[in-house]
Amino acid sequence: MPFTAMSFDIGLKYGVNLIDFDGDGIEDIVIKSRRALNSTTTVDMVTVYIKGNDDRTYIVPSIYANASSLYDSYIKDTNIKISDFKFIEKKATLFY
1176 MPFTAMSFDI
1186 GLKYGVNLID
1196 FDGDGIEDIV
1206 IKSRRALNST
1216 TTVDMVTVYI
1226 KGNDDRTYIV
1236 PSIYANASSL
1246 YDSYIKDTNI
1256 KISDFKFIEK
1266 KATLFY
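One point on numbering: in this note's numbering, the residue at position 46 of the sequence shown is 1221, and numbering is uninterrupted.
Just so you know, the hints here were simulated from the structure itself, not pulled from any lab data.
One or more of the hints may lead you astray.
Distance ranges between label pairs, derived from CB positions [to be verified]:
(1) A1211 x R1231: 12 to 20 Å
(2) S1208 x T1232: 27 to 35 Å
(3) T1215 x I1194: 28 to 36 Å
(4) Y1189 x D1229: 14 to 22 Å
(5) I1185 x R1210: 29 to 37 Å
(6) L1193 x S1214: 29 to 37 Å
(7) I1185 x S1214: 13 to 21 Å
(8) L1193 x T1215: 31 to 39 Å
Yeah, the Cβ is synthetic: ideal placement off N, Cα and C, and Gly gets one too.
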């Protein structure tokens, strides 16, 4: 049976954004900022903090927009590198 997934981009404002990433009903923290890379270039950057079911807060490695990660962001056993960010919320899956 075919299906269609509906989603939309989650727009982030500069500063603190509250988004429930893991669906536990608790809003997680996403901070969007602009950072200087050198004297002529700036990039957007996000830092994500997710509160787990164990009451601990976890940080997700920060990613620069259209640049490189602060961490080694290659997907394990591939040559795929994360080099940008976009948050997408899945709204519904329709079966027909």
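Taking the hints in turn, this is what the structure says about them:
no., hint, result
1, A1211 x R1231: 12 to 20 Å, "32 Å, violated"
2, S1208 x T1232: 27 to 35 Å, "18 Å, violated"
3, T1215 x I1194: 28 to 36 Å, "32 Å, holds"
4, Y1189 x D1229: 14 to 22 Å, "31 Å, violated"
5, I1185 x R1210: 29 to 37 Å, "21 Å, violated"
6, L1193 x S1214: 29 to 37 Å, "34 Å, holds"
7, I1185 x S1214: 13 to 21 Å, "32 Å, violated"
8, L1193 x T1215: 31 to 39 Å, "33 Å, holds"
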